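Enquirer: Protein sequences appear in the order of chains A, B and C. So for the first sequence, the numbering used here puts the first residue at 4; every next one is plus one. So for the second sequence, the numbering used here puts the first residue at 4; every next one is plus one. So for the third sequence, the numbering used here puts the first residue at 4; every next one is plus one.
Simulated from the structure, these hints should not be mistaken for lab results. Accuracy of the hints is not assured; some may be wrong.
Claimed, not checked - Here's a subset of chain B near chain A, in silico, CB distances under 8 Å, partners left out: (1) Val-38; (2) Arg-40; (3) Val-41; (4) Leu-44; (5) Val-88; (6) Gly-125; (7) Arg-129; (8) Pro-181; (9) Trp-186; (10) Phe-217; (11) Pro-224; (12) His-229; (13) Pro-230; (14) Val-231.
Said to hold, decoys possible - Quick partial rundown of chain A residues pointing at chain B, CB under 8 Å, derived from the structure: (15) Leu-39; (16) Met-83; (17) Val-86; (18) Tyr-109; (19) Arg-190; (20) Gly-192; (21) Ala-196.
Unchecked claim - Restraint-style ranges between C-beta atoms, simulated for each label pair: (22) A:Lys-184 with B:Gly-103: 16 to 26 Å; (23) B:Gly-192 with A:Glu-105: 48 to 58 Å; (24) B:Thr-232 with A:Lys-184: 34 to 44 Å.
Remember, it's a predicted structure, so these values are computed and weren't measured experimentally. We put the CB at the ideal spot given by N, CA and C, even for glycine.
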Amino acid sequence: MIHLSKWSAALIASALFAAAPVHAQTAERQIDELVLRVERLEGTRAIKKLQRAFGYYVDRGLWGEAADLFTDNGTIEIGMDGVYVGRERIAEYLRRLHGGQEGLIYGQLNEWVTLQPAIAMGADARSATARWRDLGMLGQYKDHAEWRDGIYENAYERGADGIWRISALHLFVNFVVPYEKGWARLREGEGLARSEASQAFPPDRGSSSDYAAFPAREMPPFQAPHPVTGKRVQER
Amino acid sequence: MIHLSKWSAALIASALFAAAPVHAQTAERQIDELVLRVERLEGTRAIKKLQRAFGYYVDRGLWGEAADLFTDNGTIEIGMDGVYVGRERIAEYLRRLHGGQEGLIYGQLNEWVTLQPAIAMGADARSATARWRDLGMLGQYKDHAEWRDGIYENAYERGADGIWRISALHLFVNFVVPYEKGWARLREGEGLARSEASQAFPPDRGSSSDYAAFPAREMPPFQAPHPVTGKRVQER
Amino acid sequence: MIHLSKWSAALIASALFAAAPVHAQTAERQIDELVLRVERLEGTRAIKKLQRAFGYYVDRGLWGEAADLFTDNGTIEIGMDGVYVGRERIAEYLRRLHGGQEGLIYGQLNEWVTLQPAIAMGADARSATARWRDLGMLGQYKDHAEWRDGIYENAYERGADGIWRISALHLFVNFVVPYEKGWARLREGEGLARSEASQAFPPDRGSSSDYAAFPAREMPPFQAPHPVTGKRVQER
């Protein structure tokens, strides 16, 4: 049998009520930091899935499914067509842009090839922006075929339900060029025009930028800073 | 010298054998959850590497390397060619599909541009599906050149060895169109045909779906649910 | 009041000075491992952003911003042009390759579509290599239009500042083909040539490989091993 000295008892007490919690606190803080880092990675994955799904749904004329990828006040702006707000307006705009029907019709080609994502994830993993490359393969069998070239500068939000959605999709169309001609033989002003859909079904807001399209220099502003210097990137 | 009361001793005992473990258990559970989340992210990375490697290997006529990306009972199905099962059959099918030799021949172009991955990772990080866009640049110098347009709906598994492999590759070819014509000027029935390789070297199973290809509406079913609504996505 | 037996006291002591730290050590080790795994995932993300940013900056004639993505001794090698070393030389080379001015001129198209990343991340998350697909859309309005086809085999490093940079960019150009002709109707030797920029502004080092370009078989060596077998991949 032994007796513990006062010192020993104090040591035991402090060890019990401090040492373990200190370890735990450090681990907790490390785990919390890791969770945030993992959330940022997961958010980046979620955003890529969202935008690629948008391409795949529009490909097949699934306008409602495409619109369901947006937030309540989500916006879409394509070329010179102006800004449409909210899922219902977005679905109707997409439908009219492609002939007015659900799905595609016989011979309609509408491949929204969606490429080269550069995602800038917010520090808190709740919002993000992304630049994407658009390469559209469009046309109607026995009638016309086109390549489309463009840049997306989009924004995304993670809702209170933990789900990421598109808050703003902005496709800066550089040109839509007849397949037979290629981009060197466009006629002036042929590469980009306001769609008939936009004229018959006007947008909620006008264009958010002054458009210049090929052969003029298209200038989709970079939302994200330079990944190395951290500086704002401006076109000249 | 002090004596510990019964209460103090019990407190010490419970602290020793409960408090630290409680912290540890919480941390352990958090760490286990994080490990699974990281495994799902790593799995997504691994799958993208697999499928892109498939493209790069087929590009250069490395049929064995391409087949080695599959599970033991892995399957490949391209267009109307039917289903080939297992690495040996896959390698031989790919070889015959490209002229029968190892590597490519002089003037053969075979770029399997593999794009736009939308990966649906299983909750346990052991299986996944993915939709991809195919944009093939094909041809033979001084003879013919083509664009190919298609959609992959594939499946992947993580083996007991921790390595991800392709369990099912299914390329729904929408068209293979002569470069000079573009997709508006295909002849009816020209966009998709059963290959000579498949006719001379029959598949293990027939086609898994009724094919419609451009100018008819190609319908590669979506394996993954909608990323926001969680509902099944069906073409119309 | 109780007295603790010698055994109890020893148990308390060992529990205090071993048990909690053992839990902590295990958790610490698990957390350290997770941090490294997360760093590898974050590094993969960072590298994709770097290379895609390179494409987007070169697209718009932002030569300085493109060069700022490289390490101090970073290198660039495009087609048969030889190797340029360091950010200043890289910026000047890119500028001269595109006409000598900042930005693009009216009617200049220069889309460096950057696709299909297969990233091999180092075990320590400090260096990596990647293979990418290049699909260039090039030209000058009313003059010429081209498709470019190529493969990047690049290397990346994470600096002491934690920032990833490109240490070596090597674009193996397979062909640059006039849009009107397509790849089957190139003239022999037309698909790849040393640029006028490289001739007027010689590189720091000559080409690092013997080039064969389409219609000959282009052979960009695979830096990364096979993702399933782990073996080195060699073209035949």
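Enquirer: A separate judgement is required for each hint: does it hold in the structure or not?
Expert: To see whether the hints hold, each was checked on the structure:
Of the supplied interface hints, the one on B:Val-38 is violated, with its beta-carbon coming no nearer than about 10 Å to a beta-carbon of chain A, more than 8 Å. The criterion of a C-beta within 8 Å of any C-beta in chain A is met by B:Arg-40, whose closest approach is roughly 5 Å, and the hint holds. At its closest, the beta carbon of B:Val-41 sits 6 Å from a beta carbon of chain A; the interface hint therefore holds under the 8 Å criterion. Because the closest C-beta pair between B:Leu-44 and chain A is about 5 Å apart, less than 8 Å, the hint holds.
Interface restraint check for B:Val-88: the shortest CB-CB distance to chain A comes to about 28 Å, outside 8 Å, so the restraint is violated. About 14 Å separates the beta-carbon of B:Gly-125 from the nearest beta-carbon of chain A, more than 8 Å, and the hint is not met. With its C-beta approaching chain A no nearer than about 17 Å, B:Arg-129 sits outside the 8 Å limit, and its interface hint is violated. Violation of the interface hint for B:Pro-181 is found here, the shortest Cβ-Cβ separation to chain A being roughly 12 Å, above the 8 Å cut-off.
For the restraint placing B:Trp-186 at the interface with chain A, the shortest Cβ-Cβ distance is roughly 5 Å, inside the 8 Å limit, so the hint holds. Hint status for B:Phe-217 relative to chain A: holds, with the closest Cβ pair at about 6 Å, below 8 Å. Taken as an interface hint, B:Pro-224 does not check out: its beta carbon lies about 11 Å from the nearest beta carbon of chain A, beyond 8 Å. Hint status for B:His-229: holds, given a least beta-carbon distance of 6 Å to chain A, under 8 Å.
A hinted interface residue such as B:Pro-230 counts as satisfied when its beta carbon comes closer than 8 Å to some beta carbon of chain A; here the least separation is about 5 Å, so the hint holds. At about 5 Å, the closest approach between the beta carbon of B:Val-231 and any beta carbon in chain A falls short of 8 Å, and the interface hint on this residue holds. The beta carbon of A:Leu-39 is not positioned within 8 Å of any beta carbon in chain B (closest approach about 11 Å), and the interface hint is therefore violated. Given hint, A:Met-83 at the interface with chain B, is violated; its Cβ is 25 Å from that chain's nearest Cβ, farther than 8 Å.
Look at A:Val-86: its Cβ only gets to about 21 Å from chain B, farther than 8 Å, so that hint breaks. Look at A:Tyr-109: its Cβ gets to within about 6 Å of chain B, closer than 8 Å, so that hint holds up. For A:Arg-190, the suggested interface contact is broken, since its CB lies about 18 Å from the closest CB of chain B, more than 8 Å. With 8 Å as the threshold, the beta carbon of A:Gly-192 stays out of range of chain B, its nearest partner Cβ sitting at about 22 Å, so the hint is violated.
With its C-beta approaching chain B no nearer than about 19 Å, A:Ala-196 sits outside the 8 Å limit, and its interface hint is violated. Taking 16 to 26 Å as the suggested C-beta distance range, the pair A:Lys-184 and B:Gly-103 does not conform, at roughly 38 Å. Roughly 27 Å separates the CB atoms of B:Gly-192 and A:Glu-105, a value that falls outside the hinted 48 to 58 Å. For B:Thr-232 and A:Lys-184, the hinted distance range of 34 to 44 Å is satisfied, since their beta carbons lie about 41 Å from each other.
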